[in-house]
Every structure is written in C-alpha cells, then in structure tokens.
Amino acid sequence: MKVLLVDDEIKFAIMLSKRLALRGIEVDYEHTGEAAIDKVKQNKYDVAILDVKMPGIGGIELKQKLKGLAPSMKFIFLTGHGSEVDFETGSTEGSFYLAKPLRIETLIEILHGLTD
Amino acid sequence: MIDRFRKALSLIRPQFYRPDNQHLSPYFRFTDYKKIWGFGMLALGVAALLPLIAVTIIHYQLIQKSIDSEIILRTERVTSNARRAVTYFLDQHLNALRFTVNEFSYDQLKNSDHLKEILRNLKLGFGGLTDLSVIDNSGIQIAYAGPFKLEGKNYSNQVWFAECQKCEFYVSEVFRGYRNLPHMIVTVKSTRPDGKFFILRATLETERLINTLSSYKTGEYADIFLVNRSGVIQTPSINNGEAFKTITLPIPDYSPRTQTLMAADRQMNPIIMGYAFISTQIADTPFILMVVKQKEGMTKVWRQLHTNINTIVLFGIIAILIVITITFTFMVNKLYLADKENAETMASAEQTNQLASIGQLAAGVAHEINNPLALIGETAGYVKDLFFMEEQHRNDEELVEHIDTILESVERCGMITRQLLGFARKFDIKIQKVSLRQIISDVLIFHQKETEYRNISVHVDVPEDIPEIETDRGKLQQIMINLVNNAFQAMDNGCCLDILASHEVPENEVPENVKISISDNGCGIPEDNLEKVFQPFFTTKEGGKGTGLGLTITYGLVKKLHGHISVKSKEHEGTTFILSLPVRIKEEMSDNESSFGR
Numbered sequence: 005m006k007v008l009l010v011d012d013e014i015k016f017a018i019m020l021s022k023r024l025a026l027r028g029i030e031v032d033y034e035h036t037g038e039a040a041i042d043k044v045k046q047n048k049y050d051v052a053i054l055d056v057k058m059p060g061i062g063g064i065e066l067k068q069k070l071k072g073l074a075p076s077m078k079f080i081f082l083t084g085h086g087s088e089v090d091f092e093t094g095s096t097e098g099s100f101y102l103a104k105p106l107r108i109e110t111l112i113e114i115l116h117g118l119t120d
Numbered sequence: 394m395i396d397r398f399r400k401a402l403s404l405i406r407p408q409f410y411r412p413d414n415q416h417l418s419p420y421f422r423f424t425d426y427k428k429i430w431g432f433g434m435l436a437l438g439v440a441a442l443l444p445l446i447a448v449t450i451i452h453y454q455l456i457q458k459s460i461d462s463e464i465i466l467r468t469e470r471v472t473s474n475a476r477r478a479v480t481y482f483l484d485q486h487l488n489a490l491r492f493t494v495n496e497f498s499y500d501q502l503k504n505s506d507h508l509k510e511i512l513r514n515l516k517l518g519f520g521g522l523t524d525l526s527v528i529d530n531s532g533i534q535i536a537y538a539g540p541f542k543l544e545g546k547n548y549s550n551q552v553w554f555a556e557c558q559k560c561e562f563y564v565s566e567v568f569r570g571y572r573n574l575p576h577m578i579v580t581v582k583s584t585r586p587d588g589k590f591f592i593l594r595a596t597l598e599t600e601r602l603i604n605t606l607s608s609y610k611t612g613e614y615a616d617i618f619l620v621n622r623s624g625v626i627q628t629p630s631i632n633n634g635e636a637f638k639t640i641t642l643p644i645p646d647y648s649p650r651t652q653t654l655m656a657a658d659r660q661m662n663p664i665i666m667g668y669a670f671i672s673t674q675i676a677d678t679p680f681i682l683m684v685v686k687q688k689e690g691m692t693k694v695w696r697q698l699h700t701n702i703n704t705i706v707l708f709g710i711i712a713i714l715i716v717i718t719i720t721f722t723f724m725v726n727k728l729y730l731a732d733k734e735n736a737e738t739m740a741s742a743e744q745t746n747q748l749a750s751i752g753q754l755a756a757g758v759a760h761e762i763n764n765p766l767a768l769i770g771e772t773a774g775y776v777k778d779l780f781f782m783e784e785q786h787r788n789d790e791e792l793v794e795h796i797d798t799i800l801e802s803v804e805r806c807g808m809i810t811r812q813l814l815g816f817a818r819k820f821d822i823k824i825q826k827v828s829l830r831q832i833i834s835d836v837l838i839f840h841q842k843e844t845e846y847r848n849i850s851v852h853v854d855v856p857e858d859i860p861e862i863e864t865d866r867g868k869l870q871q872i873m874i875n876l877v878n879n880a881f882q883a884m885d886n887g888c889c890l891d892i893l894a895s896h897e898v899p900e901n902e903v904p905e906n907v908k909i910s911i912s913d914n915g916c917g918i919p920e921d922n923l924e925k926v927f928q929p930f931f932t933t934k935e936g937g938k939g940t941g942l943g944l945t946i947t948y949g950l951v952k953k954l955h956g957h958i959s960v961k962s963k964e965h966e967g968t969t970f971i972l973s974l975p976v977r978i979k980e981e982m983s984d985n986e987s988s989f990g991r
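So the sequence lines, in the order shown, correspond to chains A and B. Every letter in the first sequence is one number past the one before it in the working numbering, and letter 85, counting from 1, is 89. Every letter in the second sequence is one number past the one before it in the working numbering, and letter 193, counting from 1, is 586.
Warning: the hint list may mix true and false statements.
Unchecked claim - As a list, the in silico SDA-like pairs of lysine to any residue whose alpha-carbon atoms are at most 25 angstroms apart:
1) K15(A) / P765(B)
2) K22(A) / S802(B)
3) K57(A) / H786(B)
4) K57(A) / T772(B)
5) K6(A) / F781(B)
6) K15(A) / Y775(B)
7) K22(A) / C889(B)
8) K22(A) / P765(B)
9) K15(A) / H786(B)
10) K22(A) / N764(B)
11) K15(A) / F781(B)
12) K22(A) / L792(B)
13) K15(A) / S802(B)
14) K22(A) / T772(B)
15) K15(A) / D778(B)
16) K15(A) / C889(B)
17) K15(A) / K842(B)
18) K15(A) / E761(B)
19) K22(A) / E761(B)
20) K57(A) / I809(B)
21) K842(B) / M782(B)
22) K15(A) / V776(B)
23) K78(A) / N764(B)
24) K22(A) / K842(B)
Unchecked claim - Negatives, chain A to chain B, calculated, CB over 10 angstroms:
25) E30
26) K48
27) G62
28) I64
29) K69
30) K71
31) T119
What the hints assert, rightly or not - Computed footprint of chain B on chain A, listed as stretches where at least three residues anywhere in the stretch have a Cβ under 8 angstroms from a Cβ of chain B:
32) 39-47
33) 104-113
Treat the hints as calculated values from the structure; they're not laboratory data. Yeah, the Cβ is synthetic: ideal placement off N, Cα and C, and Gly gets one too.
Just chain A, with the same shape it has in the complex (with noise of 0.2 angstroms):
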C-alpha cells in the first residue's frame, strides 16, 4: 500500500507519516496541494490522507485535482474542525474524515479498509 500524506503542519506530517511506515505502509508526504499534485503526477497512490485546511489548495479541491489525475486514489481528509456531522458528509461522497487528534489505530483499520 503506498500512501500520500500532505499537511501543512510539517512536524506532524513528518511524525505520522514515520508512525505508518513503522507499520509497513509506504508513505510519501507532502506540504502543499500544489506538491503533492506533482508527487501525484510522478508516482501512483492508493490513498491520498488529506488536511482539509492549508494555506493555497485545501484538501477539499486538492482531491478533486487529484482524483482527476488519479480516478482510483481513495481519500482521507483529517481536520481540527471535525464532528459527526464531517463524518456523515465525507462518508457519503466516498471519502473519510478523521479529526485531529486522531488514533492511530483508527487510521490504519481505514487504511486497510480502504484497499482491501
């Protein structure tokens, strides 16, 4: 499974994607949307983890980029404005959300659901 991490918050990015690999899942991760769709470009992706908000392209129109230039990539969004209500939302368009801070455990069961 590769996996394609971008947030703007560099240090928690670097940590978590340094969590997942520790778990055997390959990670790249990324800064900014405008990165991360160049990674994109150069590399193949099951699943893109997002943060909603970032400076430039936020999550929610970085997915819809990337989903063109990757139609099978499947997405998880992480916010600091998270709540049931995100959830159901995300749920329905085919994507998770997940809030900060979040479990790694939840992660990773996601992560696997999501390419199985």
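Starting from the known structure of chain A, fit chain B onto it as the hints suggest.
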C-alpha cells in the same frame, strides 16, 4: 371581595398595563404604551365627543332663542289685544258721556229722575256703569243716579275734581272715595247756560274691566293687570297682590307702542314682561297695562325635552366612550403584543448571536488547539513506537506508563475540543433522535475532574426503557451543561448531585414527554429570588463572577425545544430544576438560526 375585584380587574386590564418583560424593553418600538393609550383615548374621545357636544350646545342655543322670540311674540300679542280691549272700554264710556252732555241740557241733567233715565239707557246701551252724577263748578254733586246716597256730596277737595277741570275729558285712577270701595270714574266737562262749567261723572264697574283683562290671561304662568304710572296696582294681580299695593317690578319707560322685554322678578326668576301705556282717542289715562309671564313655567315642556335630550346625549357619550375604550384598548394591546413578539424575536436573535459568537470563538480555539495536540499525540505515539521496537525500553513500565499518560491526556483534550466544536455547531436547529443517557454522560465528562477534586457524588438514574427523544442535540447539551454548571456552583465540596429522568406517557391532551430533574443539596435559592432566576442579568454571585445570563439562555433554549422548565428550591436545603421535553418535536428552522455554526 377586594381580592375578587382585583382578580376581575386583572382579567380586563390590558397586558401593556402589567408589563412583565423588563428585559425586553430595549427592543420595544414604543416605550410607553400606557402613555400612547392615554393620549390616544383622549384624542379619540375629544375628536368624537367635541362635535357632538358643540352641536348639542348650538342646537340648545338656537332652540332657546327661538323659544324666547316665540314667547315674546305671544306676550306682545296678548298685551296688544288686552290694550285694545281696555282702550275700547274707556273710549266707549267717554264717548257715551260726551253724547249725553251734547244731547241733554244742563237742566235736564241736574234733574235726578231724568238722570236715572239716562243711566238706565246707558247701562242698556253700553253696560259697565255703576252710577251717573252731575257736579257743579263748586264741587257739589247736584244730581246723582245710582245705588249710593251721594247726593249733595262736596268733591271740591278730591284730587280727581281738580284734575277733571283741566281738560274736557278725564279718566281717573282707581280710588276708594266716599263709598270706600275701589272704583274709577270718567268725566266730561261741559258749560252751563250761565257760562259756568259743570262735570258729568260716571263710575265704571271695575269688575267688568277686571273680567275683560282676565279673559286675556293665557296659561297658569301669566299675570295680567293694570298699574298707574307710579306703579300702584289698579286691578288685582296674581303675583303682586290686590289693588293699591306697589309692584316690585321695574316701572317701564313710556312708550306709545306695546313693548315686551325680558326681566327678572324679585326672586330673580326670569320673566317676560309685556306693557302698554293706555291712552284713548279723546283722553289720556293713568293706566299701564302689564302682562307678566314666568319664563320657567312657559318653558316647562321645553325643559322636560331638554332633560330627555340631555339623557340621550349622556348615554350616547357613555356609549361612545365605552366603544372607544374597548376598540382602542384592543388595538393598543394588539400593537403591544406584536411589538412584544418582535422584541422577543430580536432579543432571542441577539442572544443566539451572542451564543453563536461564543461558540465560534470556542470553535476557533478548539481548532487551533487540535493541530498542536495532534502533533503532541503523533510525537508521543512515535516515541512509544520506537520504545516498543527496542527490548530495553519495551519492558520499562514506568516509561511506557508516562507515554501512555501523555497519549491519554491528548485523547482527553481531543474529546473536549471535539465537544466544544460540537456545541459550536448546535446553533443550527437539527432535529435528531437523541439518547438522554448519552447527553447526560457527555455533559458530565466536562465535570469529571471537578467531581473528583471536590468530592461531589453524582447520581444518574435514567431508566432503560426511556425512549430516545426527537430534539436538537446541541441545544439539549447546552441546557444540560448550564443546569449542571449551576448546580456545581451552588454546591459545597462533598455535596450530592442527582440527575433523574422519567417517561411521561401521553394522557388526554398532554403529549408524550420526558422529564429530567437535576437536584443538588447546595445553598438553595431564597423564596424572594425564586421567580427571578430566569430573568436576564439576575445573579446572586459575587461581583463579576456571574453574568446572570446562564439560566435565561437555558430558559430560551428550553422554549425553543418546545419544552418547559421550572425550579423548586429551599434555602440551605437545595434546588431542583425540572425540565420537561416532548418526545416528538416539530422541526422549526429559521434563516437566522440556520446561518450559524456552518
């Protein structure tokens, strides 16, 4: 009795007269409805009644004027007719005497038998004569025909004898004379063959004159009589007495024509007085004919009508005032209620705005905290991951426990920020099925630490079979958190908080409800303050510690959820808030409300 009256009064008293919403006063369009009502009533009353009263007064004046002129006209007519009758009576007898002296010689006249014959003929021809006599130039009555024995009487000292010498024809006043009875005479002066003068005198029947006058008397309030020019009564008067008395009325100025005027008698009662100076064709007389009418008596019918009209007008005024009062009170009350509703909406919107602002602030803070919290969580998790990879650290229980403490704290913080965000969103009205147990549990999480620290025992009893209710989760959370906060603030360390829920099955018109009671055994609320607890800005907390809005907001939220909240309390024993909410609620969402929290 007084209480009953007050109770009845309170039922009809318009609502704006007992405003119970001081907190809404800044939002009212008009500030003083009592004043509006008062001025409005006054203006309407004046506008409606002034023309009515003015027209009534003008109408009265016109009628009064018309009645006055009618009375004057009638009095003048009576006076004029009576004058003609009196003048004719005197003229007739003067002319009869003139005919007699012209027709008969002095010798024939001084013959008593002949004189009696003449008297008999005159009585037959004209009537109204008592006696007839001839008086020579020395004042001695030389011949007499009549019922009295007056022959040879000397009249040289009598006033009338002096007067009758001055002119050819003479009419005397009423006087007593030798017979000592009121009578009047007419005389004609003539010349004897020797050149000296003699007087032919006739005594007139005053009764006949009185009867003539009486025949012109119209109505019980009229008085008709003769006076001489000094005001001495000549014929009896109803109101002024018998002959020879002096009238109390003013003696009118001379006028050749009949006159009528308004005056007042000695009792100051208004009268209409008609008068005429009597003068025959051949001689002047000392008489003034007086016709006096009591105005009050004459206008009795009109005054009765006046009273009836006044009664009708009075009832009309009362009816108009009642209609104005009812209509205007109804309208002002409606205006007040509309304004009150508007004020309530505005106050509620402002309150919602305030809550929304607080919610948005909380949401902003929560969001900003979530990011560093996530970093702490991931970093601590990574450290734990690393420890688990190394045998040396994996078994270091103390180290793992510390890391777990960090992770637990992060999770707890995350839960709190999520709940804050959750509350912030709840300005939307979103009806969903809510579990009371879940809500109560969520709210108590906020107080978990305080509960432990202050050794407060919390007892929650929510029956298993209580149904999920259709309501707005956020608002219910807010209500519960406010009430629990309130209880915590009222309690000392070591006190108890009971949260009980029960299910009320629908009965008659009462819908299906759930009841939640939140009881503490804290300081309680004094009885005087009990009814003020839901009023805005009412707080018993020491300066600056409370806003006095918590329970007001709670009350507003409960109303929004179509619920009901009440409070029972006893000072030093504790307080119970009882919240009743419908199991099913109609969704109501206004634009105002739906714009918040998105």
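Legend entry - K15(A) paired with Y775(B) [C-alpha distance capped at 25 angstroms]: It holds: about 12 angstroms lies between the C-alpha atoms, which stays within 25 angstroms.
Legend entry - Coverage of the stretch 39-47 of chain A by chain B, judged on three or more residues with CB within 8 angstroms: violated (count 0)
Legend entry - Given pair status - I809(B), K57(A), alpha carbons within 25 angstroms: holds, 21 angstroms
Legend entry - Interface-negative label, I64(A) against chain B, beta-carbon threshold 10 angstroms: Correct as stated: the minimum Cβ-Cβ distance to chain B is 15 angstroms, above 10 angstroms.
Inset, instruction - Please work out if K22(A) and C889(B) have their alpha carbons no farther apart than 25 angstroms. - result: violated, 48 angstroms
Legend entry - 25 angstroms limit on alpha-carbon distance, applied to hinted pair K22(A) and P765(B): holds, 17 angstroms
Legend entry - Given hint F781(B) paired with K15(A) - CA-CA distance at most 25 angstroms: holds, 21 angstroms
Inset, instruction - Starting from K22(A), check that the Cα of E761(B) is at most 25 angstroms away, please. - result: OK: K22(A) and E761(B) at ~23 angstroms, within 25 angstroms.
Inset, instruction - Examine the stretch 104-113 of chain A for residues whose CB is less than 8 angstroms from any CB of chain B, and state whether their number is three or more. - result: With 5 residues close enough to chain B, the hint holds.
Inset, instruction - For the pair supplied as a hint, K15(A) and V776(B), confirm whether the alpha-carbon distance does not exceed 25 angstroms. - result: Holds: K15(A) and V776(B) sit about 14 angstroms apart, inside 25 angstroms.
Legend entry - Pair hint outcome, K57(A) versus T772(B) [Cα-Cα no greater than 25 angstroms]: Roughly 21 angstroms separates the two Cα atoms, so the pair holds.
Legend entry - Least C-beta distance from K69(A) to chain B larger than 10 angstroms: Correct as stated: the minimum Cβ-Cβ distance to chain B is 23 angstroms, above 10 angstroms.
Hint compliance for this structure: hints 3, 7, 16, 17, 21, 24 and 32 are not met, and every other hint is.
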